[in-house]
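Chain by chain, the residues run as shown.
Number of protein chains: 2
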Amino acid sequence: MMPFSLEEYQDRLRKTKASMQKMGIDVLLITDPANMNYLSGYDGWSFYVDQMLIVIADEEEPIWIGRKMDANAAIATTWLKPQHVLYYPEDHIHSTVKHPMDYIASVLKDFRQAERRIGVEMASYYFSALAYVKLKENLPNAKFQDASLLVNWVRIVKSEQEIEYIRRAATIAGLGMETAVAMIQEGTRECDAAAAIFKSLVTGTDSYGGDYPSIVPLLPAGKNTSTPHLTWTDRKYSRNEIVIIELAGCHQRYHAPMARTVSLGKPSEEVMDVSNILVEGLNAALELIKPGVTLEEVEYAWNRVISKHGIVKESRLGYPIGIGYPPDWGEHTASIRKGDGTVLEPNMAFHMIPGLWFDDYGIEISETFRVTEDGCEVLTDFQRGLIVKDQFHIAM
Amino acid sequence: MMPFSLEEYQDRLRKTKASMQKMGIDVLLITDPANMNYLSGYDGWSFYVDQMLIVIADEEEPIWIGRKMDANAAIATTWLKPQHVLYYPEDHIHSTVKHPMDYIASVLKDFRQAERRIGVEMASYYFSALAYVKLKENLPNAKFQDASLLVNWVRIVKSEQEIEYIRRAATIAGLGMETAVAMIQEGTRECDAAAAIFKSLVTGTDSYGGDYPSIVPLLPAGKNTSTPHLTWTDRKYSRNEIVIIELAGCHQRYHAPMARTVSLGKPSEEVMDVSNILVEGLNAALELIKPGVTLEEVEYAWNRVISKHGIVKESRLGYPIGIGYPPDWGEHTASIRKGDGTVLEPNMAFHMIPGLWFDDYGIEISETFRVTEDGCEVLTDFQRGLIVKDQFHIAM
Numbered sequence: 201m202m203p204f205s206l207e208e209y210q211d212r213l214r215k216t217k218a219s220m221q222k223m224g225i226d227v228l229l230i231t232d233p234a235n236m237n238y239l240s241g242y243d244g245w246s247f248y249v250d251q252m253l254i255v256i257a258d259e260e261e262p263i264w265i266g267r268k269m270d271a272n273a274a275i276a277t278t279w280l281k282p283q284h285v286l287y288y289p290e291d292h293i294h295s296t297v298k299h300p301m302d303y304i305a306s307v308l309k310d311f312r313q314a315e316r317r318i319g320v321e322m323a324s325y326y327f328s329a330l331a332y333v334k335l336k337e338n339l340p341n342a343k344f345q346d347a348s349l350l351v352n353w354v355r356i357v358k359s360e361q362e363i364e365y366i367r368r369a370a371t372i373a374g375l376g377m378e379t380a381v382a383m384i385q386e387g388t389r390e391c392d393a394a395a396a397i398f399k400s401l402v403t404g405t406d407s408y409g410g411d412y413p414s415i416v417p418l419l420p421a422g423k424n425t426s427t428p429h430l431t432w433t434d435r436k437y438s439r440n441e442i443v444i445i446e447l448a449g450c451h452q453r454y455h456a457p458m459a460r461t462v463s464l465g466k467p468s469e470e471v472m473d474v475s476n477i478l479v480e481g482l483n484a485a486l487e488l489i490k491p492g493v494t495l496e497e498v499e500y501a502w503n504r505v506i507s508k509h510g511i512v513k514e515s516r517l518g519y520p521i522g523i524g525y526p527p528d529w530g531e532h533t534a535s536i537r538k539g540d541g542t543v544l545e546p547n548m549a550f551h552m553i554p555g556l557w558f559d560d561y562g563i564e565i566s567e568t569f570r571v572t573e574d575g576c577e578v579l580t581d582f583q584r585g586l587i588v589k590d591q592f593h594i595a596m
Numbered sequence: 201m202m203p204f205s206l207e208e209y210q211d212r213l214r215k216t217k218a219s220m221q222k223m224g225i226d227v228l229l230i231t232d233p234a235n236m237n238y239l240s241g242y243d244g245w246s247f248y249v250d251q252m253l254i255v256i257a258d259e260e261e262p263i264w265i266g267r268k269m270d271a272n273a274a275i276a277t278t279w280l281k282p283q284h285v286l287y288y289p290e291d292h293i294h295s296t297v298k299h300p301m302d303y304i305a306s307v308l309k310d311f312r313q314a315e316r317r318i319g320v321e322m323a324s325y326y327f328s329a330l331a332y333v334k335l336k337e338n339l340p341n342a343k344f345q346d347a348s349l350l351v352n353w354v355r356i357v358k359s360e361q362e363i364e365y366i367r368r369a370a371t372i373a374g375l376g377m378e379t380a381v382a383m384i385q386e387g388t389r390e391c392d393a394a395a396a397i398f399k400s401l402v403t404g405t406d407s408y409g410g411d412y413p414s415i416v417p418l419l420p421a422g423k424n425t426s427t428p429h430l431t432w433t434d435r436k437y438s439r440n441e442i443v444i445i446e447l448a449g450c451h452q453r454y455h456a457p458m459a460r461t462v463s464l465g466k467p468s469e470e471v472m473d474v475s476n477i478l479v480e481g482l483n484a485a486l487e488l489i490k491p492g493v494t495l496e497e498v499e500y501a502w503n504r505v506i507s508k509h510g511i512v513k514e515s516r517l518g519y520p521i522g523i524g525y526p527p528d529w530g531e532h533t534a535s536i537r538k539g540d541g542t543v544l545e546p547n548m549a550f551h552m553i554p555g556l557w558f559d560d561y562g563i564e565i566s567e568t569f570r571v572t573e574d575g576c577e578v579l580t581d582f583q584r585g586l587i588v589k590d591q592f593h594i595a596m
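Taken in sequence, the protein lines are chains R and W. So for the first sequence, this note's numbering puts the first residue at 201; every next one is plus one. So for the second sequence, this note's numbering puts the first residue at 201; every next one is plus one.
Some hints here could point you the wrong way.
Each pair may be met inside one copy or between any two copies, as identical chains are not told apart.
Straight-line Cα separation of at most 25 Å, DSS-like style, residue types lysine-lysine; simulated pairs [stated by the list, open to error]:
1) K538 <-> K589
2) K309 <-> K268
3) K217 <-> K423
4) K298 <-> K343
Rather than coming from a laboratory, the hints here were simulated on the basis of the structure. These numbers were taken from a predicted model, which means no experiment stands behind them.
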């Protein structure tokens, strides 16, 4: 029933505890849903209320604490013993007097963890400033320490089974992109294109279904391609505009993102040129990928190409991907950019996204890849270049 | 182009400033994307990085600060002057040495706001514990104050235009539910049902398109109906199981949620009985809705019905809805529950969700309603009751 073997979860937990020991952390309070899933298997859309997975250095099994109605979801989706699934009283939800962290602190006291060194994910979306303040108030003798990316760094090298799920996600991403390219045309409403893309992404293939991606399809069009994170409206596509599609396939919460740019009608010379430069740079960067290379070296290969053509890109070229929950599919650890000395290892997986955004248009063409034993395997599979659609044919 | 008139945005801002004054707040730092949208119109999937809208009591127009690549999205979607759209340098993204709040603090200093009383949304998903600590470190002379629900409370009474968008969202929710009921049957994969539901929700109607709901369709099935927040897998529905569908239509970021429960095959007597009790209680609560009634009175009407039948529900009966971004479509202010003395006013809008979850099954049948001048208008429109599907017909 579970997506990974018990051994794999326990191996992840072992690595997490090793990092805790290195950082001098006795108790790790995990609130990032991707990290909770990674270690326990927990999977439910309940991260909009306070919940956490507690890893205690000298306890074999973690403890899940959340809302009562979600406890059965923890029993259904994790490998934890039912007695390791706890819940706080319902009157702690959206209350002005009680906070879930009051209860969680009392549990930590009961388990005699209240005076230890406690790691918290200070940068997690689901550990609010208020949660932190409440926890500190309740545990005045604990020593708090930021452990924001502790589990994320454990996640950066994938197992074979994880790569298999990303591979499936990449296949699904390709199906979604095929649908997008077919749907986006003059006179079609943006929402109808988005609807069809969602259908492809969630259907998946006959052999495996799609899960919800952490980010909805991003579909800036026309002048709005100058910015990457706009979604869709119900306006209709018009002749002679370009449309960016950034989407991800998702399977078992593993993501494979991909971006392409479609030109409705003949593109301007500038758009064509920039697209070609972008692909040249993307290829140069992908060619460099292999174990032992650093991320800043990869960025340099890209940057050398674009700067030769007088183009500057300030934003990073990519980031590691894997398990994700809204609002992001990136792992927030390494970045493919200047100054990042992270060394590539086999089975690291990244989204390399050389987006270029100018004042009145932008181009994105991206790939998801993994590092192999001696090179690079691009997992997404779709014609790499500007996709030109005119009335009569699609040129890819 | 914008979903509301400039006057409506300015009226919202005026009310927000009045609340700020009452709470003694000079500067309000808004990080909740729904609140940012409400006041400025900002709409983009960029809330996964730090960004905010700054409202200064004695400045006419708010300031948007975010990532450089998202600044054009702010110019495209807000009514703010371009010079009120600022951005922090790209090297502040996922950096271990620089934090966006360092930059934002420097802007507040430049604007001479560094020693004032600053309200922050301590409970916002998008104001991390780290962001709070960084901001405080950078602004040691400011007085910080929790203003978590300040704008949310302004949002609780809707304008006619807002109600119109919720009405459209409710129509879309009905289309999504129709698709769900049609798709969910023995032998169909859960992911295929989810894919078809997404397509309906995002397509919308011929007159207006659907936007992405803040929560994906929740689809617990079989024993997993004992917990409400599970999504879908690629298993196939089997004969004689029940399936809960909770979804929302969304238009212009306004939501209308709705839940129904489908029984594949003849339901057990218990499931039938509990469904009928639930609807009896839901009707009793809806009948009470009118201006002047308190939320705890509404809950009491519901509770009297279920306790008569020996059923206990600890969780609240509902919450206000409106603009939403992942991970939640609730407004986090009032709750329909014991002890909540909030008094109903015309054009408040709620999701009333009498979910009942037991050890091995659960039932949800819910409605979105608005308070009228003298009563209640249920906006969602779908047969209110357990939906029984057998091989030959759908009984609703």
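Status of the hints after comparison with the structure:
| no. | hint | verdict |
| --- | --- | --- |
| 1 | K538 <-> K589 | neither (36 Å within a copy, 59 Å between copies) |
| 2 | K309 <-> K268 | within (20 Å within a copy, 44 Å between copies) |
| 3 | K217 <-> K423 | neither (49 Å within a copy, 34 Å between copies) |
| 4 | K298 <-> K343 | both (23 Å within a copy, 24 Å between copies) |
The structure does not agree with the numbered hints 1, 3 stated previously, though it agrees with the rest.
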